[in-house]
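Chains A and B, in that order, give the protein sequences.
Quick note on the working numbering: the first sequence kicks off at 1 and runs consecutively.
Quick note on the working numbering: the second sequence kicks off at 1 and runs consecutively.
Please note that the accuracy of each hint is not assured.
[Said to hold, decoys possible] Selected chain A positions facing chain B (Cβ under 8 Å, derived; list incomplete):
1) Glu40
2) Tyr42
3) Ala65
4) Thr68
5) Pro77
6) Tyr87
7) Glu93
8) Thr102
9) Ile115
10) Thr137
These aren't lab readings, by the way, just hints derived from the structure by calculation.
Where is the CB? At the ideal position from N, CA and C, for every residue including glycine.
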Amino acid sequence: MENMANKVARIPNLVDWSTGEVRLMSAKCNSCGTYFFPKEHYQHRPGCSREGVEDILLPCKGKLASYTIQYYPCPAPFKTDKKITPYGIGLVEFEDEKIQVTGIITETDLKSLKIGMQMETTTLEMFTNEEKQQVVTWAFRAVK
Amino acid sequence: MRDVYIIGTGIHPWMGFSEKVFADFAAVAVDGALKDANVEWKKIQAIMAGIFIYGGNAGHLSGQYLESIFGETGIPVVNVYNACATGSASLRMAYNSVAAGETDTALAFGSDVSPKGFLTAKSDNAVQDRDVIRWKMGGLPNPIYWALECRKRMEKYGTTEEDLALVKVLMSEYGAKNPHARFKKTYTLEEVLNSAYVCDPLRLYEICPVSTGAAAVIITADKDLISKADKPVKINATTMGSSMYGDPTIRISALSCPSVPEAPMLSESYSASRQAYEKSGFGPEDIDVLELPDNSSWHYLVYLETCGFCKDGEADKMLRDGQTKIGAKLAVNPSGGFSSHGEALSAQALWQVIECANQLRGRCGDRQVENPKVAMAQTYGLMGNSGTTIMSL
Ligand SMILES: [Zn+2]
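Same shape as in the complex, but just chain A (with noise of 0.2 Å):
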């Protein structure tokens, strides 16, 4: 297990590691069985009652649903102190909950990346704060 310790992520409510496991904090309306990602992107079936919505983890695998390489970095407010560029993005499928998260890849063997193949949710080290803390944001690694 990872040391998760000083680790902090840059927007709160959107990843969660203190049950062990890395997993998406998403939120499931209970009348039209929706799940949201991030918990406050609602997106009900018209004429559902929106009653009943609650915090929910995600499962920390899933399987790879699409990706994409990027080659060039991302501009801000995107913030990272480490070179990445070329990284993978993949929209990672949860196929109980019907949904696809999107997410950066910290794979790096880039040319081993297919469509359908397992995923597990992690944390990607961006940068250190003033706090010394370990800046994350969430991300998918290939299920070895």
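Dock chain B with the ligand against chain A, hints included.
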């Protein structure tokens, strides 16, 4: 509802970054539209303005800034924003005002100055504005969204890198013949395939940049003005659509999308186009000229399917077989498309309408489609915005 006609159009040619201000460009386009329509400024009874989002208070009240240049007359001036479909919204409001009889003659315009550098987040509140998350956490510039969809398409339908490059080859051929275009160089298939990847599978020449440009359209139901106009163009329908629940497209600015489709891809554009077919009585088989939003080569292909010009997965074959060329039954983007212009956010939808009107009016010189009767302009804006305008002589 009354019949409404386009009687005047004006464009400030598309270009890169400029130190001049948006109102200067707008004034050029509106001047052009007034001269083309042969009407005095005082005949304009409403202004529907697309806003310039990077222009602060002035840009958000672009209609008032424009009105004061030509002389304030107290008429309704409404400012609107629907992302890259902003021009569709301004034209639709102008159309509805005239068709309903609220006004006889109205102006729709948009003007946009390309920001220096990159388009990026416009606020810093991640709870309120998902755009903050996609930039700070997602590392997701716009073309990545298109690349993710393009990769799915290649997997599903066998679209090739040659197909993507061929779109640029064709667009550059037409753009070279369009005095309004920003990019006038022609490219071979090899040159496009040798250009660098921006986000694999999309290459530098297969995505459009941001540009500066302005466009204005004057419409009327005034019989006297219609009779005096040079080949007035009838608006058969001008509609807007938003997304539908279960649309599987990963939308720009979003971090997620449904994995089980319950609506068509690009459902906002599906909706806008179907509304337009219903209202106009025309269908895809009746359209002679189509201007579609080729923000990337992927868009060119998918929009042929979204708007019903072929079945899903068949657009590549249409392209390869030359069925989208000038001279074929359907001419797609004889203007050279966004590929040759770049996006000028609030102006581009009107510019597409103007290209259609110019084709119908026989004003397009070397890129003129032979004797077109019906033309359609289709837009695409981020976060579920789209508009369709169908016109005829
Ligand atoms: Zn619901």
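These are the hints, each one checked on the structure:
1. Glu40: Since chain B brings a Cβ to about 6 Å from Glu40 of chain A, closer than 8 Å, the hint holds.
2. Tyr42: violated (11 Å)
3. Ala65: Holds, because the Cβ-Cβ distance from Ala65 of chain A to chain B comes to roughly 7 Å (cut-off 8 Å).
4. Thr68: This hint holds: Thr68 of chain A lies near chain B, its Cβ roughly 4 Å from the closest one there, short of 8 Å.
5. Pro77: Check passed: Cβ of Pro77 of chain A comes within 5 Å of chain B, closer than 8 Å.
6. Tyr87: Holds, because the Cβ-Cβ distance from Tyr87 of chain A to chain B comes to roughly 7 Å (cut-off 8 Å).
7. Glu93: holds (5 Å)
8. Thr102: Check passed: Cβ of Thr102 of chain A comes within 5 Å of chain B, closer than 8 Å.
9. Ile115: The hint holds - Ile115 of chain A has a Cβ within 8 Å of chain B, the shortest such distance being about 5 Å.
10. Thr137: holds (4 Å)
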